[in-house]
Every structure is written in C-alpha cells, then in structure tokens.
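We have chain A; now place chain B onto it with these hints.
Residue numbers (our numbering), protein chains in the order written: chain A, 6 to 149; chain B, 2 to 342.
You can trust all of the hints, since none of them are fake.
Residues from chain A that keep clear of chain B, each with C-beta distances beyond 10 Å, as calculated:
hint, residue
1, 13
2, 45
3, 66
4, 79
5, 96
Below, simulated DSSO-like cross-link-like pairs (lysine-lysine); rule was C-alpha separation at most 27 Å, straight line:
hint, chain 1, residue 1, chain 2, residue 2
6, A, 143, B, 63
7, B, 312, A, 143
8, A, 131, B, 84
9, A, 16, B, 84
10, A, 83, B, 337
11, A, 56, B, 63
Just so you know, these hints were derived from the structure itself, not from any lab. Where a beta carbon is used, it is the ideal one built from N, C-alpha and C, also for glycine.
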Amino acid sequence: MAHVSIPSYWKTLPQRYCLIGMQCKHCGVINFPAREICISCKQKSEFEPKKLSGRGKIYSYTVIAAGSAPPEFSEQEKLAGSFPVAIIELEEGLRIVGQITDYEPEDLKIEAEVEAVFRKIYEEDKVIRYGLKFRPVKKRKPLS
Amino acid sequence: MSVGILGYGVYIPRYRINKSEYVKAWGRFAAAGVEEKAVPGFDEDPTTMAVEASMNALKHAKIDASKLNAIYFASTSSPYAEKLASSTIAMALGAPPRVSVSDFTSSTMAGTSALLMSLDFVASGRGSFALVTASDCPYADPSDFLEHPLGAGAAAFVVGKGTPMATIEASDCATIEALGERFRKKGEKSIETLGIPAYTQTVIVNTVASSVKALMDKTGRKPGDFSSVVLPQFDGRLPSRIARKTGFEEAQFISSMIVSQVGDAGAASPLIGLAKVLDEAKPGHKVLVASYGAGASSDAVSINVNEEIMKRKGSAPSVKDYLVDKQLIDYVQYLKIRKMI
Chain A
6 MAHVSIPSYW KTLPQRYCLI GMQCKHCGVI NFPAREICIS CKQKSEFEPK
56 KLSGRGKIYS YTVIAAGSAP PEFSEQEKLA GSFPVAIIEL EEGLRIVGQI
106 TDYEPEDLKI EAEVEAVFRK IYEEDKVIRY GLKFRPVKKR KPLS
Chain B
2 MSVGILGYGV YIPRYRINKS EYVKAWGRFA AAGVEEKAVP GFDEDPTTMA
52 VEASMNALKH AKIDASKLNA IYFASTSSPY AEKLASSTIA MALGAPPRVS
102 VSDFTSSTMA GTSALLMSLD FVASGRGSFA LVTASDCPYA DPSDFLEHPL
152 GAGAAAFVVG KGTPMATIEA SDCATIEALG ERFRKKGEKS IETLGIPAYT
202 QTVIVNTVAS SVKALMDKTG RKPGDFSSVV LPQFDGRLPS RIARKTGFEE
252 AQFISSMIVS QVGDAGAASP LIGLAKVLDE AKPGHKVLVA SYGAGASSDA
302 VSINVNEEIM KRKGSAPSVK DYLVDKQLID YVQYLKIRKM I
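Looking at chain A on its own, in the form it has when it is part of the complex (with noise of 0.2 Å):
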C-alpha cells in the first residue's frame, strides 16, 4: 500500500476497517475495491454493501526485506526487519493483498488458514491508519 491521502484513506474505511465489499446487482460478483464497472461482468451496474467474513487461505506471499518498504512502512521495518505481505484468497473467492501479523516461520504457508484482525497498519503525520491484515488461525479459536 502506497501513501494515501487523508481524504481517500478516510472515504474507504468501511473496506479498510470492516472488508465491506460491494456486490454486482447485475452478475452477483463482489468487488473489492469498489469500481464504478463491475469487474466481472464489465456494466456499469449497481452494486449493495456485502461483509466479507475475514477467513480465507495464503494463495501466494511475498517477504518485503529490509531496505524495500515504502516509507510509510519505514517505522514497522525497523521494528520487525522485514515482513510478510500475502494474496488472501477470501472463502467467498475473491482474492485481497494484506500482511501477515502475529506468526511464526512456519506459518508462512501456501494454503495457510488466516483471518482478518483489526490492527495499525501504518502512522502519518502523527495519525494512526488503521486496518485489516491477517493472522493465522491456530490452536486458538477462530474470531467468527
């Protein structure tokens, strides 16, 4: 995630906080993002507010290495060195990018369970961006 405005960040919130896609009236697919075209069957439909549950699987990662994250990021790369950044393919088939929080090695997995937990994502200007990444869903009970 690149460095996003005041404005844009605050207008998208119920994605970035509570994964509120937006569904096709015309082909039922969800979009996510929102998109003025539907992705999937290309008209410029309707679309209705749909909560995505937060579960799905690791389809693919990646290791942002020290020295590679952008500089909004800067402070959690002194922190942590570096940090995962997956493609979550959701249980309702859609596939959205996020970090992984609160693993281990092992966890790093293709096919991994995670679920989405409400965390920091980055500080600007002083002010917190919160929003969604992921954990893996181990030996604790998973949140829904």
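Just chain B, lined up with the frame of chain A:
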C-alpha cells in the same frame, strides 16, 4: 425482559515476556506473583485490542453491532490524549452512526466506571444495547521498577435488554483524596509513583475495603456469600492483602487471577478477571468485582450469574484460549516492541 450482561469477550496479545528476562537485565524482577506478562505487538494498541475483545463479546451475546446504542471505551493508555478511540472501535465493529460513544480515561478504575455507566444507559431507557470495552497497556520508564508488572489485555461486555447471562445486583464505591501512589502528569508518557510501598499498599487496601464494605452494608451480604471475587491485581500479592482486610478467602479470588500470566493490564484487569471467573461460573454463582483507581477511588460491584450462561459457553474464545496461544520474546525484543529504545 431485564437488563444485564448479555455476553462478554476478551483479548490478550500473543507476545509474552517472562520474569527471567527481567532478572537477566536488572538482577531482579520487581513484580510479586507475575510469572510472565502479555505484550502488545508493534501493530497493536488499546484500540485494536478493544476491537477484538468487542467482536468476541458481540459474538458471545449474539448481538449484531448494528444494534448497539452506546460504545464505551476505557483505558489509561489510549493512543490519543485527544481524539476518541471509541469512534474508531464503532467504525471497526460496524456500529450505526447514531451510536453514543465515550472514552473513559485517566484511571485504572475506568473499566468498572464504564461498565456501571453502560448499565445506567440501558436502565434509564436511553438505549437497548451498550458495549463496554476496557483495553490497556500501561507504560512506565524501563528504568523504573514500576514498569516490571505492566502487561496488556482487553475485555468487553455487552449490556442490554434481553435474557442476561449475568445481572448486576448492586454497586457501591469509596473515594478519598490520595497523593502520588500512581500518577502520570499531563503530557507525560510514563506512569510514576512516589515509591513508598507501605503507603501505596495502605491506600489501595483501605479504599477497596471501604467500597466492599459499603456494598455489603447496602445489600446485606457477607463476604462468604460470594463464590468468586475479583480484586485489584497490580501485582500477585495485593489480592491476598485486600482479602485479609475484607474477609475473603484465597479460594474465592484464586479463579480470577490473571496477573501471573497477563501482568497489570490497567483499566482492563478487573474486567478480564471477571471474564475469567464467568468462563468457569455456574448459574446461581455470585461474583464481586472491586476495582481501584489511583487518586483514589474504588468501585465494588455484585453480580449474579444466571441460567443463560450455560447456553453461551464456548461460543467465543475464553481467557484460557488466549493464554495458551503465546510466543515468548526476550527483553531486547520487548524494549523494541514497546518503543522503549
């Protein structure tokens, strides 16, 4: 239909540091009865911890966030000195824009203050459902022994109209002016103490004993009437000192003890302790919760556990579920993660 606790949930971050790490660094660990303590990850703060505890509480209560009329957040370590955390929590949970919110700060008794306020909110008819979340990770300078017991955690309670799993029977309080046993000046990051242990202990024990006595006088109950009591856990020794003064036995407070694994979670501690007791409680049990806030005041709350609790068992993660899921870190990692170096 009556007013009471419809569900609850907790959150404890998975990082832990144990006392041997402190002994290696400082030669001693100045937190009696603490074996290890919870540490918030670098991407966590009281707001994020509150969100997870609240999600668990809503699930446990089987209440959708869209039904909430109030959200109260309690913490001594809110990430902002000015700017609501409860509004962030409301948005993250999916509460409606008409929800009434408030942040309760400046005191480790903020959790019970918010819980009692939420009960008043519903009982007075202002709304049908309120969510209270206490979430805290108090901070002190690492060179101060006061820092050693400080841990982290969150709890949340849904209070509302319906079939409560527990009802708040009565509450009472005791307030006195006390100076310097624990404080943080405006603009400061670290809590401090004048460091007179005998004085601190006397103020805490006497204030809590007074609120408990006021509650007993009001309800006509005796210490022996309670199956479990949740007493302030700034360290592991304090509950037994308070128990001695108030007439409780160790068997009554032992099931509420979280400080040995979580540390002092500030405003969240009394409510995490209550959650742990409720995890194991049976219908008909009576629970007393006493909080303490420096400066000084104490709330004592008497809670009756109802039949409904049996239907809710296992529907959200328990305190134990969070305690077993952990990752140990060393003292240098701790200093980094808490931004102490």
